[in-house]
Amino acid sequence: MASETGKSREGFATTLGVLTATLGSAVGLGNIWKFPSMAGSNGGAAFMFIYVIATFLVGLPVMISEHVIGRTARANAITSLRKLAPKQIWWLIGVAGVISAFLIMAFYTEVAAWVFAYIPSAISGALNSTDPAVTSQAFSNLIGSPWKSLIWQWVVLAWVAAIILAGVSRGIEAMTKRLLPILFCILIIINIRSLTLAGAGEGLAFLFKPNWSSITWPIVLSAVGLAFFKLSVGMGTMITYGSYYKEDQNIPLNALRVMGSDLLVSILAGMAIFPTVFTYGFQPDAGPSLLFITMPAVFSSLPGGPIVQNLFMVLFFLLAGVAATGAMLSLFEVPVAYLVERLDWSRRKATLITAVALAVVGSTAALSSSTLADFKLLDRTMFDLFDFMSSNVLLPLGGLAITVFVGWRWGLPAVTKGLTNDGKLNNLPVVKAFFFVAKFVTPILVAVVLLNGLGIIKFG
Numbered sequence: 001m002a003s004e005t006g007k008s009r010e011g012f013a014t015t016l017g018v019l020t021a022t023l024g025s026a027v028g029l030g031n032i033w034k035f036p037s038m039a040g041s042n043g044g045a046a047f048m049f050i051y052v053i054a055t056f057l058v059g060l061p062v063m064i065s066e067h068v069i070g071r072t073a074r075a076n077a078i079t080s081l082r083k084l085a086p087k088q089i090w091w092l093i094g095v096a097g098v099i100s101a102f103l104i105m106a107f108y109t110e111v112a113a114w115v116f117a118y119i120p121s122a123i124s125g126a127l128n129s130t131d132p133a134v135t136s137q138a139f140s141n142l143i144g145s146p147w148k149s150l151i152w153q154w155v156v157l158a159w160v161a162a163i164i165l166a167g168v169s170r171g172i173e174a175m176t177k178r179l180l181p182i183l184f185c186i187l188i189i190i191n192i193r194s195l196t197l198a199g200a201g202e203g204l205a206f207l208f209k210p211n212w213s214s215i216t217w218p219i220v221l222s223a224v225g226l227a228f229f230k231l232s233v234g235m236g237t238m239i240t241y242g243s244y245y246k247e248d249q250n251i252p253l254n255a256l257r258v259m260g261s262d263l264l265v266s267i268l269a270g271m272a273i274f275p276t277v278f279t280y281g282f283q284p285d286a287g288p289s290l291l292f293i294t295m296p297a298v299f300s301s302l303p304g305g306p307i308v309q310n311l312f313m314v315l316f317f318l319l320a321g322v323a324a325t326g327a328m329l330s331l332f333e334v335p336v337a338y339l340v341e342r343l344d345w346s347r348r349k350a351t352l353i354t355a356v357a358l359a360v361v362g363s364t365a366a367l368s369s370s371t372l373a374d375f376k377l378l379d380r381t382m383f384d385l386f387d388f389m390s391s392n393v394l395l396p397l398g399g400l401a402i403t404v405f406v407g408w409r410w411g412l413p414a415v416t417k418g419l420t421n422d423g424k425l426n427n428l429p430v431v432k433a434f435f436f437v438a439k440f441v442t443p444i445l446v447a448v449v450l451l452n453g454l455g456i457i458k459f460g
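In this note's numbering, the protein residues as written are 1 to 460.
Calculated from the structure, these hints are not laboratory results.
Because the structure is a prediction, the values reported are computed rather than measured.
Glycine included, each C-beta is placed from N, C-alpha and C at the ideal position.
Among these hints, one or two may not hold up.
[As the list claims (entries may be wrong)] No more than 30 Å apart at the CA atoms, straight line, and that leaves these computed lysine-lysine pairs for BS3-like:
1. Lys246 x Lys417
2. Lys177 x Lys349
3. Lys439 x Lys417
4. Lys209 x Lys458
5. Lys439 x Lys424
6. Lys246 x Lys177
7. Lys349 x Lys246
8. Lys376 x Lys148
9. Lys439 x Lys246
[Stated by the list, open to error] Label pairs and their calculated CB-CB ranges:
10. Leu92 x Gly305: 53 to 63 Å
11. Pro429 x Trp217: 31 to 41 Å
12. Ala414 x Ser124: 52 to 62 Å
13. Gly305 x Pro429: 50 to 60 Å
Given the sequences, and given the hints that come with them, work out the whole structure.
Printed below as a string of structure tokens:
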């Protein structure tokens, strides 16, 4: 492949690499951290039911759209739209995607920093307790320390930058192929332990037995917004990764596998956390801190004494770090790919400058619970503002524009050519079904989320 500067482009080397890299982008802390916290705050099973529907009607169509755009154009998020719609303003979709990816990384690296910081604490035994007051205080001490927050965020940035520097195949693909299977294994082990706890039945009922009366429009819109965040769509990541896909890759099938695996990990994470919540008296609506105050309790209750407890706790937070890494790699690659291809920068220069910029902007999110706790814009801390602007505004805006472009500008013939691999795949009914949803259903749902996020219309 050649970029617009004439340089050869890397790509994913194997079909397995395509799946694991894309899955690594979708499966991250959003599954282990954000999904349980949002499900806990929005009624559990009813929220999950709406979320599953949202992934089919919103997340999956946008993902497929981005993949086919990226593979067809063989370029970064901005240049892809320039190629497919020259001399038109559709390239602004890519600009919004790059900005979204950057803002998400600004606060996501801080959540990853909490995970990384918990590893040495787990080794030392400082987290061993089933008392909600103790585990809550440990988390408060971490986020309330300015230097701990900053230093661990810098560690995360250095780690991700090192992988990005290795390239697409030897860095991103190689890392996700090795680490994702381990994540699944550890999640299953944790589930086995959680399901033996006294509150397992109550926790599973909360997750799987819907209270339909609890469904409100705000809950529906939150679920749709999470589908964007969780599947890494609307932010340029899937266009960028799609540009690295092989010509024979079955895009709809791969996207369906990614979505199914993503849902499975989210459900496993919920099954790991909510039995613990109800066993030890935690609050399911504890929000972003839920993961960090409940999981230590799971491992502190393991038989075998402190050595076994600490071992599993360390493994869990190591692998939560792995989950975060896969998502951060795709986010980091979005601006790096643009800088390399558009400005003709070396990968090293683009990576280092992106890392420094993230360290500067991300520091405002890192300090949102300490030094900058009283500094607010739009009545939100910088951490919450980055989260809100990306999840409620920029991601829906990007997703809406992508589906309008695919359905109304690019058209069925071009989409069919891209998704059938120029007629080599016998999947025309699937392509037609996708095109109908992407053209008529997804834009309406996304537009409602966007208008609500902008405060133009309000529900509930």
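Hints and how they fare:
1. Lys246 x Lys417: This hinted pair holds, its Cα atoms lying about 15 Å apart.
2. Lys177 x Lys349: OK: Lys177 and Lys349 at ~26 Å, within 30 Å.
3. Lys439 x Lys417: Holds. Lys439 to Lys417 sits at ~17 Å (cutoff 30 Å).
4. Lys209 x Lys458: Holds. Lys209 to Lys458 sits at ~28 Å (cutoff 30 Å).
5. Lys439 x Lys424: Roughly 24 Å separates the two Cα atoms, so the pair holds.
6. Lys246 x Lys177: holds (17 Å)
7. Lys349 x Lys246: holds (27 Å)
8. Lys376 x Lys148: The hint holds at about 21 Å.
9. Lys439 x Lys246: holds (26 Å)
10. Leu92 x Gly305: 53 to 63 Å: holds (58 Å)
11. Pro429 x Trp217: 31 to 41 Å: holds (33 Å)
12. Ala414 x Ser124: 52 to 62 Å: Holds: the Cβ-Cβ distance is about 57 Å, inside 52 to 62 Å.
13. Gly305 x Pro429: 50 to 60 Å: holds (58 Å)
Comparing the model with each earlier hint shows no violations; every hint is respected.
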